[in-house]
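**Q** Build out the structure end to end from the sequences listed, making use of the hints.
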Amino acid sequence: MPHESTGHAEHRDSVLDLTFPRHTLVSLAVFAVCWELLSYLAPVLGIPPFAIPSFVKIAKSLATITPVDIVVTLARVIGALLASFVLGLALAMAMYRSESLEKYLHPMIRLLMAVPVVSWILFAVLWFPGVEFRIGFVLVVVCGPVFLIDTLDAMRGVPRELRSMMRSFRPTTLQYFIKLMLPAIVPSIFTSWKVNISLAIRVVTIAELVGAVTGIGHQLSVAQELFSVADVFAWTLVLVALLFLLEAAVVRVETRLLRWRV
Amino acid sequence: MSGPPPIEARGVRKVFRQATTGQSVVAIERLDMTIAPREVVAIVGQTGCGKSTFFDLLIGLEAPTEGSLQIGDKSPFADFDHFRGRIATVFQQDRLLPWRSALDNARLPLELIGLPEAEQRERALTWLNKLGLGNFTNAYPHELSGGMRQRVAIARAFAVQPDILLADEAFGHLDEVTAAELRDTFLKLARECGSTAVLITHQLEEAIGVGDRIVVFGKSAKLLADIHVAQWPKARHGELREAIQATLQGNAPDPRLQTKA
Chain A
0 MPHESTGHAE HRDSVLDLTF PRHTLVSLAV FAVCWELLSY LAPVLGIPPF AIPSFVKIAK
60 SLATITPVDI VVTLARVIGA LLASFVLGLA LAMAMYRSES LEKYLHPMIR LLMAVPVVSW
120 ILFAVLWFPG VEFRIGFVLV VVCGPVFLID TLDAMRGVPR ELRSMMRSFR PTTLQYFIKL
180 MLPAIVPSIF TSWKVNISLA IRVVTIAELV GAVTGIGHQL SVAQELFSVA DVFAWTLVLV
240 ALLFLLEAAV VRVETRLLRW RV
Chain B
0 MSGPPPIEAR GVRKVFRQAT TGQSVVAIER LDMTIAPREV VAIVGQTGCG KSTFFDLLIG
60 LEAPTEGSLQ IGDKSPFADF DHFRGRIATV FQQDRLLPWR SALDNARLPL ELIGLPEAEQ
120 RERALTWLNK LGLGNFTNAY PHELSGGMRQ RVAIARAFAV QPDILLADEA FGHLDEVTAA
180 ELRDTFLKLA RECGSTAVLI THQLEEAIGV GDRIVVFGKS AKLLADIHVA QWPKARHGEL
240 REAIQATLQG NAPDPRLQTK A
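Chains as they are written, first to last, in numbering that gives the first Met the number 0: chain A, 0 to 261; chain B, 0 to 260.
Simulated from the structure, these hints should not be mistaken for laboratory data. Relax, there's no trap hidden among the hints.
Calculated lysine-lysine pairs in the BS3-like style (CA-CA distance at most 30 Å, straight line):
| id | chain 1 | residue 1 | chain 2 | residue 2 |
| --- | --- | --- | --- | --- |
| 1 | A | Lys193 | A | Lys178 |
| 2 | B | Lys129 | A | Lys178 |
| 3 | B | Lys129 | B | Lys233 |
| 4 | B | Lys221 | B | Lys233 |
| 5 | A | Lys178 | B | Lys73 |
| 6 | B | Lys73 | B | Lys187 |
**A** This is the structure:
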């Protein structure tokens, strides 16, 4: 007889639980009240009035947000993440197949991962003339190794029992990867995507600060030059919202694809 | 229709080199045995006697260090692809893919041999029905009990209608009632398919209940006894069990088995 099971529907409901947690609401409200109070008390406390703008000013800044900058940043993030993923996956598969390739590449990958983002941005500025290529390069060189290492670890983590079962049915190399390895590493790939989305959003902003004439990073740079904390706050809110939206999209796909999980 | 080919092991020796110490370990010293087409052979032996190594040689995952292992005129290792869809295995654990439903697990080997999808589904459904899982085709492995998962694994093995069926302690981890029921089903279906079946087990009751022949392995797969179960009337199965037990404990053939042979 089957085990007592929670069933798919119940599992899906728990994953897509959209009730807004009371604790989050309270902490956000407390923060907002404190901010607003500080904005009014700033002159009394000796803080320059522009440093802590009121919500009215922030709302005005939000109203002037240019969607084209959001679209440009989003396109850069998604494009670079896709390129990093394809590159990371292909290299991970090659390294999994060839032990000697792995021995040569693994130390180099670890070395790349240890290089600070700022250094990559400086290298990109010094090496490449095109702004888009610079930003793409920095994103791929930062996110690609994360995809690669996560995928490789996940491939190595596929249970030996499943691998020998699969081999006993004599699949071709392609069938082995498509029917066993890829589905087995999907959960790790989603985790990697969630980590990399957050990383890419932060890195793209820094990369756009240097040399770009469009994008959220550029707008943040302009706001800093104008001493407009309200604009910085507004663009930061947009970045946070973008991050949440992208993560939510990934979770949605993940829930759909991994519905087989307990 | 031609039947399954015979399995012949001639002077098979298998030596492993330990990665940590670099020392050689002889898993199979020298093995000569033949398994006739459609025979159901149970191989028994103590832990570490080389049963599982022989099993890996039969699947073709390993090659003998010396000697030859042939199925018909082909080697399961050197002619690995030739046996696609001809050899199927049931393992100790079900080894189902957790992301596939029972139906999709059962049709996995059919996908690998490239059958049209409709035929894959039909054949997988037929075997799941034969194993009493007709109402659970869309269930994922975690929604099934251990016995049901092992049934899916058996359906997966039978779905390709293989020439050679291999089972490695396939019923050992189940409760006795479920194991006995599955053993009977397995045997019935193997006969129905006309497959040669090789079962590796450490349970003597299982070996006696299922095998046409019982091959007793000693240390390093030394062939201690080769018993044709039909020569032992059912009333003397208790004695047979004791004789095999004594053979395993003494690592030498028990006189009662030699007399019978």
